[in-house]
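Visitor: Protein chains in written order, with the working numbering: chain A, 1 to 113; chain B, 114 to 227.
No wet-lab data here; the hints were simulated from the structure.
Where is the CB? At the ideal position from N, CA and C, for every residue including glycine.
Among the hints, a few may not be true.
Claimed, not checked - Straight-line C-alpha distance at most 30 Å; calculated DSS-like pairs for lysine-lysine:
id	chain 1	residue 1	chain 2	residue 2
1	B	Lys124	B	Lys170
2	B	Lys124	A	Lys71
3	B	Lys124	B	Lys166
4	B	Lys183	B	Lys124
5	B	Lys183	B	Lys170
6	A	Lys1	B	Lys124
To be verified - Heads up, incomplete: computed chain B residues facing chain A, CB under 10 Å, no partners named:
id	residue
7	Gly129
8	Pro131
9	Tyr148
10	Arg157
11	Tyr161
12	Val165
13	Lys170
14	Gly171
15	Asp175
16	Gly176
17	Tyr177
18	Phe203
19	Cys204
20	Ala205
21	Ser211
22	Thr215
Said to hold, decoys possible - Computed footprint of chain B on chain A; a stretch qualifies when at least three of its residues, placed anywhere within it, have a C-beta under 8 Å from a C-beta of chain B:
id	segment
23	18 to 25
24	96 to 108
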Amino acid sequence: KNQVEQSPQSLIILEGKNCTLQCNYTVSPFSNLRWYKQDTGRGPVSLTIMTFSENTKSNGRYTATLDADTKQSSLHITASQLSDSASYICVVSLQTGANNLFFGTGTRLTVIP
Amino acid sequence: DAGITQSPRHKVTETGTPVTLRCHQTENHRYMYWYRQDPGHGLRLIHYSYGVKDTDKGEVSDGYSVSRSKTEDFLLTLESATSSQTSVYFCAISESVSGGNTIYFGEGSWLTVV
Numbered sequence: 001k002n003q004v005e006q007s008p009q010s011l012i013i014l015e016g017k018n019c020t021l022q023c024n025y026t027v028s029p030f031s032n033l034r035w036y037k038q039d040t041g042r043g044p045v046s047l048t049i050m051t052f053s054e055n056t057k058s059n060g061r062y063t064a065t066l067d068a069d070t071k072q073s074s075l076h077i078t079a080s081q082l083s084d085s086a087s088y089i090c091v092v093s094l095q096t097g098a099n100n101l102f103f104g105t106g107t108r109l110t111v112i113p
Numbered sequence: 114d115a116g117i118t119q120s121p122r123h124k125v126t127e128t129g130t131p132v133t134l135r136c137h138q139t140e141n142h143r144y145m146y147w148y149r150q151d152p153g154h155g156l157r158l159i160h161y162s163y164g165v166k167d168t169d170k171g172e173v174s175d176g177y178s179v180s181r182s183k184t185e186d187f188l189l190t191l192e193s194a195t196s197s198q199t200s201v202y203f204c205a206i207s208e209s210v211s212g213g214n215t216i217y218f219g220e221g222s223w224l225t226v227v
């Protein structure tokens, strides 16, 4: 069964600290993996997209890694800011089809001053 | 930000009444999607469209219908709303379904069925 699991469900960190969010998936055949940021009351916004051949992708203070062999991805946030408080959603795509996205339930990150 | 407008943004309706949510895009993307988001679940696909008048069902399509008469508009209709359809609904668009293609989401429509 194609599934995407994220951990932890929620996380509280102090402003300025780093954190890492995890995503494990069983989706096959794999095409790509996306990380989205969703602010409260808003729609998800794309942070990174990685294909099978990519091990890492950065977007400012956000760095995503992918291990296609173990089917794991992580999102590392450096020097967190209050504005990083949001849900982070991992999305994995099959190789074909429009109905091919599998969403994790997200990690709720709270950054406190 | 991608040009996606959802309307209404918030709606409260009574059980048994019809409801239509509208998604309008200015990006001329071929693919449009309707998702619902509920606590404890990832975003779940309701219906999607791959062109004018071309639509298909997603994972949770029961109780929903869609129409796409123009490239820019994708309507989601709840023929007879039920309390289980209380949710946040997101429209999304994409140029294609190939790898590496970005999917853009609207700001959401909050629907409460009482």
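Visitor: Next, verify each hint and record whether it holds.
Guide: Outcome of the hint check:
Among the hinted pairs, Lys124/B with Lys170/B is consistent with the structure: their alpha-carbon atoms are about 24 Å apart, no more than 30 Å. At most 30 Å may separate the alpha-carbon atoms for a hinted pair to count; Lys124/B and Lys71/A exceed this at roughly 40 Å. For the proposed pair Lys124/B and Lys166/B, the alpha carbon gap of about 26 Å is at most 30 Å, so the pair holds. Distance hint between Lys183/B and Lys124/B is fulfilled; the C-alpha atoms sit about 24 Å from each other, no more than 30 Å.
Simply put, Lys183/B and Lys170/B have alpha-carbon atoms about 19 Å apart, close enough for the 30 Å limit, and the pair holds. As the CA atoms of Lys1/A and Lys124/B are separated by approximately 35 Å, the hinted pair breaks the 30 Å bound. Among the interface hints, the one on Gly129/B is violated; its C-beta lies about 28 Å from the nearest C-beta in chain A, farther than the 10 Å criterion. The restraint placing Pro131/B at the interface with chain A is violated, with a minimum CB-CB distance near 25 Å, outside the 10 Å limit.
For Tyr148/B, the interface hint holds, since its Cβ comes within 10 Å of a Cβ in chain A; the closest pair sits about 8 Å apart. The criterion of a C-beta within 10 Å of any C-beta in chain A is met by Arg157/B, whose closest approach is roughly 8 Å, and the hint holds. Taking 10 Å as the C-beta contact cut-off toward chain A, the hint placing Tyr161/B at the interface holds, the least distance being around 5 Å. Hint status for Val165/B: violated, given a least beta-carbon distance of 15 Å to chain A, over 10 Å.
The restraint placing Lys170/B at the interface with chain A holds, with a minimum CB-CB distance near 8 Å, inside the 10 Å limit. Annotation: Gly171/B was flagged as interfacial toward chain A, and the flag holds, the nearest CB pair being 6 Å apart, inside 10 Å. Hint status for Asp175/B relative to chain A: violated, with the closest Cβ pair at about 15 Å, above 10 Å. This hint is violated: Gly176/B has a C-beta 18 Å from the nearest C-beta of chain A, more than the 10 Å allowed.
Interface restraint check: Tyr177/B against chain A, minimum CB-CB distance 14 Å, threshold 10 Å, status violated. Restraint check, Phe203/B versus chain A: the minimum CB separation of about 6 Å is within 10 Å; hint holds. The restraint placing Cys204/B at the interface with chain A holds, with a minimum CB-CB distance near 8 Å, inside the 10 Å limit. Annotation: interface hint on Ala205/B holds; nearest CB of chain A at approximately 8 Å, less than 10 Å.
Evaluation of the Ser211/B hint against chain A yields a held restraint, the C-beta minimum of about 8 Å falling below 10 Å. The closest approach between the C-beta of Thr215/B and any C-beta of chain A is roughly 5 Å, which is under the 10 Å cut-off, so the hint is satisfied. Here's how the segment 18 to 25 of chain A fares: 0 of its residues keep a CB closer than 8 Å to some CB of chain B, so the rule of at least three is not met and the hint is violated. With a cut-off of 8 Å between beta carbons, the segment 96 to 108 of chain A has 11 residues touching chain B; three or more are needed, and the interface restraint holds.
The structure fails to meet hints 2, 6, 7, 8, 12, 15, 16, 17, 23 from the earlier list, while all remaining hints are met.
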